[in-house]
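S.K.: Input sequences plus hints: build the corresponding full structure.
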Amino acid sequence: MLAIGLREFQNLFKSIRSIIIILFIFSVTLGIAKLINNYKEVLSEVGGLEGDIYMGGLLLLIIGAGPLFVTSLSHNAINQEVHSRTIRFLATKVSREKIVLGKFLGIAMYWMVCILVASLLILPFTKGFYFHQFMEALIFILYFVGLAIFLSTLITKPGMTMFLGSVLAILLPIIGLWSLWSENLIIDLVSYLTPYYYYSVGEHIYTYVVLIFPILFVLGSLLLIRKKDF
Amino acid sequence: MYAIETEGLTKIYANKKVVNEINLKVAQGSVFGFLGKNGAGKSTFINMLAGLIQPSSGSFKILGEQTHQRQKMGVLPDYSTFYDDLTAFQHLKYFSRLLNVKLPKSEILNLLQRVELEEAAHVKAKKFSFGMKKKLGIAQALINEPDILFLDEPTSGVDANAVLTIHRLIQDISKEGTTIFLTSHNLDEVEKMCDDIAIMNQGVITAKGSMQQLRAKYQNKLIVFIKHSRLNEKQMSSLRPQLEELANKVEWNQELTTVTVDGEWLIPEINRSFLHANVDVFRIEVDEPSLEEIFIKIGENQRSA
Ligand SMILES: Nc1ncnc2c1ncn2[C@@H]1O[C@H](COP(=O)(O)OP(=O)(O)OP(=O)(O)O)[C@@H](O)[C@H]1O
Ligand SMILES: [Mg+2]
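Quick note, the sequences are listed as chains W and H, same order. For the first sequence, my numbering begins at -18 and goes up steadily by one. For the second sequence, my numbering begins at 795 and goes up steadily by one.
Hint data in this document are derived by calculation from the structure and do not stem from the laboratory. All residues carry an ideal CB built from backbone N, CA and C; glycine is no exception. Do not rely on the hints blindly, as some may be mistaken.
[Said to hold, decoys possible] Simulated restraints on C-beta separations:
1) H:E901 to W:I193: 43 to 53 Å
2) W:G37 to H:N809: 56 to 66 Å
3) W:K208 to H:N809: 48 to 58 Å
M.R.: If you want it as C-alpha cells, here you go:
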C-alpha cells in the first residue's frame, strides 16, 4: 500500500501539469499576500488586520480552483492502470483494497505537501502558522481527492472521467455557491453533499464534518473494485 | 493438500459459459500443462485463480486456502503492459516493494540475468520488444520465489533461443519444488515440460492425465473414410451394428462414412461389412492424425454430444 502511495506521490511531482499547478498556486498565494501587504495601512484602518488574512488568499484559491486541479491530475488514478492493464501486476501482488488506499494516500500526501509549502512561503507575511486554515484547505482538497478516486474506480474509460471530473469540478462550486442564496429545495439538498455548504457556516467544526465525504468516497471505491475484472 | 483445487469453477461472459464448471486438482510440486485452441478459456481460468477476474460461480483452493495466496504466488498474465517510465530494474524493484520482499540490487540483477535481460536492466520497458516484455513478465512472477507459479503462454512469441532459456528456467524452478501451471498451444512443449496435462475446449476439460496415459488412450488411432453408394434403410440396419462393433466412433453420411478405429487390422473387416450389406465401395482413405489433431477433435465431439 505504501509502495503504491509513494509511486503515486512521486509521479504527481513528475508531471508537467502538476508543476504548472504548483507554480500557479505558489505565485498566486504569494501575489495576494504581497498585495494585501501593500495596502495594509488602509486595511488595518477599516478593520483589524490579522495574519490569517494572508492564508485567506490561499484558501480562496484552493476553494475556487482546487477541484479542477485535483480532477485534472487524478481523475484517472485507478482506471488508467486498469485501461493499460498495468494493474494486473499490482493486483497479483497486493489486495485491491490496498491499491485504492495506496492511491488515495499518495494523492492526499501530494496535496498536503503542496498546501504546506504554500503556507510556509507566505510565512514572512503571516508571521505564524495558521493550523485551522491549513486544515480547512486540506480537508477541502481531500473531498475532491476522494471524488476522483471514486470516479476512476466507477468508470472504466479515462477519457470519460476526464470529462466528468471537469464537469463536476465546475458544477459543484456553482451549486454550492448558488445554494447560499437560493431557496430552491433541490439545490439546497444537493449543496449538503458539497463541501461549500459546510465552509459557508463559518464554524471550524463544520469543516471537519466534510471529512466524512472522502471516507464515503473511498469506501465506495473499495466496494466497487472488489467486483472488477482486470 | 493440492496446490490447486477447483470445484465447479465457472465464468460467464454474455450468457456464455466461457469456463464451464471446471473441477481440477493439481498436485503440489508438479508441472501442469493446460492445452487448448484460441478462445478455449485457458486464460480466463488462470485469471480467476490469479485474482484478476471474479468467478461467476464455483470455488477454488490455492495451497489449501480459499483466498488468493499473493505472497506465495507468481503470475505471468496473458496480457499486460509495463510502465513506460520505468526500466526493467525499476519494475522489479517496485514490484518487490509491493510484495514486501527486500531484494538487494545484486538479486534483482541476478533475476534479470536468469531471463537473459541483464543487458537491458536499465532500459525503459517501453523500448522492449515483445519477447523482452515476456521475459520481464516471467522475472516479475519470480520475485517472491513463489510456491505456485502461473504462466500463461510463457513461450508464445519468443525466438527459439529464448524458448530454450524459458524451458530451462521452468525446469530449474520446478526442481526447487515450485508448482507450475502453464498454458500453451504447443503439444511438444507441454510434453517436454509437464508431468500432467489437461486439454480444454469450449470451456470444458476434455482430456486429462499424464502424457503417457493420454498417448495410450488416443494415439495410433486411424480415421477411415469410406466413399460408397447411397445407403438405403436396409443397408443401414445391416451396417450399423457391425461398424459400431468394430470402431470407436462412426460418423454417418449418405455417401461417405467416417470410422475411427484402433488399427489397420480392422480395415478389411470394415470393407467386408460394406460388402456384406451389399454396398458398393468406391474408395477407402486412411488418415493417421497427430495427437494434436486428436485433441482438437475430442473437444469437438464432446461439444456436439
Ligand atoms: N472480457 C471478456 N468479455 C467477453 N468475452 C470474453 C472476455 N474475455 C474473454 N472472453 C471470451 O472468453 C473465451 C475464452 O477466452 P480466453 O482468453 O480464456 O481463451 P484462451 O484459451 O486463453 O485463448 P488463447 O489461446 O487465444 O489465449 C473467448 O471466447 C473470449 O472471446
Ligand atoms: Mg489465453
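S.K.: Give a verdict on every hint.
M.R.: The hints, checked one at a time:
1. Taking the beta carbon of each, H:E901 and W:I193 are about 45 Å apart, inside 43 to 53 Å as hinted.
2. A C-beta distance of roughly 59 Å is found between W:G37 and H:N809, which places it inside the suggested range of 56 to 66 Å.
3. Distance hint for W:K208 and H:N809: a CB-CB separation of about 18 Å, inconsistent with the stated range 48 to 58 Å.
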